[in-house]
Amino acid sequence: MEGRVLEEIEVKVPASEAWKLCGSLLLAKIVGERLPNLFSKAEAIEGDGSAGTILHVFFAPGTAGPPWYKEKFTVVDNERRVKEAEVVEGGFLDLGFTLYRVRLEVIEKEEEECVVRATIEYKLKEEAAGNADLVSIQPLVAMMQVAADYLTNNYTTTTN
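Each residue of the sequence shown is one higher than the last, beginning at 1 in full-length UniProt numbering.
Simulated from the structure, these hints should not be mistaken for laboratory data.
These numbers were taken from a predicted model, which means no experiment stands behind them.
Careful: at least some of the hints might be erroneous.
To be verified - Mimicking BS3-like on lysine-lysine, the simulated pairs with C-alpha atoms at most 30 Å apart in a straight line are: (1) K123 x K12; (2) K70 x K125; (3) K70 x K29; (4) K29 x K72; (5) K109 x K72; (6) K29 x K12; (7) K123 x K70; (8) K20 x K41; (9) K123 x K41; (10) K70 x K20; (11) K70 x K41; (12) K72 x K41; (13) K109 x K29; (14) K20 x K72; (15) K12 x K41; (16) K12 x K125; (17) K29 x K41; (18) K123 x K72; (19) K125 x K20; (20) K20 x K109; (21) K125 x K72.
Stated by the list, open to error - Computed Cβ-Cβ distance ranges for the label pairs, DEER-style: (22) R80 x N154: 20 to 26 Å; (23) E43 x D149: 18 to 24 Å; (24) K109 x G130: 34 to 40 Å; (25) A64 x A44: 34 to 40 Å.
For each residue, glycine too, the CB sits at the ideal point set by N, CA and C.
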């Protein structure tokens with residue numbers, strides 16, 4: 001069994017500014033600070049934010065789904081503004097998933113506006129098909145909203 005879910009959010013900053021956050025490890029730090037009821041910690045245990053980086057993500061106690069997982073950045077494309085990460089240990093893999101991939105894309109809309117798209121792609125063993133209900137885009141939507149708020153509050157246009 002396989003599936004895909006996605007969600008988009010508009011952000012009133014240039015795509016280049018949004019990518020500076022979404023394409024870096026700063027995103028995990030900000031999300032950890034501003035969503036303590038969802039994520040208790042996300043730390044890079046290997047790498048600098050480029051492809052090959054491994055994050056250890058811990059969910060807050062009481063949240064649905066697995067308590068932790070490790071993900072590896074498989075794609076960090078600064079030109080296309082795309083970052084992909086796959087769960088490589090724990091989490092959804094312990095629940096019968098054979099693939100759990102998250103993709104963030106920053107899409108230029110207008111000069112001072114962009115769209116951040118989050119996509120989850122997954123594959124699940126047939127005997128674990130009931131666990132498909134655990135796939136939720138809502139944590140990513142919350143993360144994108146935190147990023148959008150951070151960008152909006154910290155970006156200022158300069159006029160000459």
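The hints, checked one at a time:
1. Straight-line distance between C-alpha atoms of K123 and K12 comes to about 34 Å, which puts the hinted pair past the 30 Å bound.
2. The hinted pair formed by K70 and K125 meets the criterion: a straight-line CA distance of about 20 Å does not exceed 30 Å.
3. The straight-line distance between the Cα atoms of K70 and K29 is roughly 16 Å, inside the 30 Å bound, and the hint therefore holds.
4. Annotation: proposed proximity of K29 to K72 holds, straight-line Cα distance about 16 Å (limit 30 Å).
5. Taken as a hint, the K109 and K72 pair is honoured in the structure, with Cα atoms around 29 Å apart against an allowance of 30 Å.
6. Between the alpha carbons of K29 and K12 the distance comes to roughly 21 Å, so the proposed pair stays at or under 30 Å and holds.
7. At most 30 Å may separate the alpha-carbon atoms for a hinted pair to count; K123 and K70 meet this at roughly 17 Å.
8. The straight-line distance between the Cα atoms of K20 and K41 is roughly 21 Å, inside the 30 Å bound, and the hint therefore holds.
9. Straight-line distance between C-alpha atoms of K123 and K41 comes to about 26 Å, which keeps the hinted pair within the 30 Å bound.
10. The straight-line distance between the Cα atoms of K70 and K20 is roughly 23 Å, inside the 30 Å bound, and the hint therefore holds.
11. Our distance criterion of 30 Å between C-alpha atoms is met by K70 and K41, whose separation comes to about 12 Å.
12. Distance check on the hinted pair: K72 and K41 sit about 16 Å apart at the alpha-carbon level, within 30 Å; holds.
13. For the proposed pair K109 and K29, the alpha carbon gap of about 26 Å is at most 30 Å, so the pair holds.
14. About 19 Å separates the Cα atoms of K20 and K72, which keeps this hinted pair within 30 Å; it holds.
15. A C-alpha spacing of about 28 Å is found between K12 and K41, which places the hinted pair at or below 30 Å, so the restraint holds.
16. For the proposed pair K12 and K125, the alpha carbon gap of about 40 Å is over 30 Å, so the pair is violated.
17. This hinted pair checks out: K29 and K41 have alpha carbons roughly 8 Å apart, not beyond 30 Å.
18. Simply put, K123 and K72 have alpha-carbon atoms about 17 Å apart, close enough for the 30 Å limit, and the pair holds.
19. Our distance criterion of 30 Å between C-alpha atoms is broken by K125 and K20, whose separation comes to about 36 Å.
20. For the hint pairing K20 with K109, the CA-to-CA distance comes to about 16 Å; that is within 30 Å, so the pair holds.
21. Restraint check for K125 and K72: the C-alpha separation of about 21 Å stays at or below 30 Å, so the hint holds.
22. Between R80 and N154 the Cβ separation comes to about 24 Å, which falls inside the hinted range of 20 to 26 Å.
23. Here the CB-CB span from E43 to D149 is close to 22 Å, well matched to the stated 18 to 24 Å.
24. K109 and G130 have their C-beta atoms about 38 Å apart, which keeps the hinted 34 to 40 Å range intact.
25. About 25 Å separates the C-beta atoms of A64 and A44, a value inconsistent with the hinted range of 34 to 40 Å.
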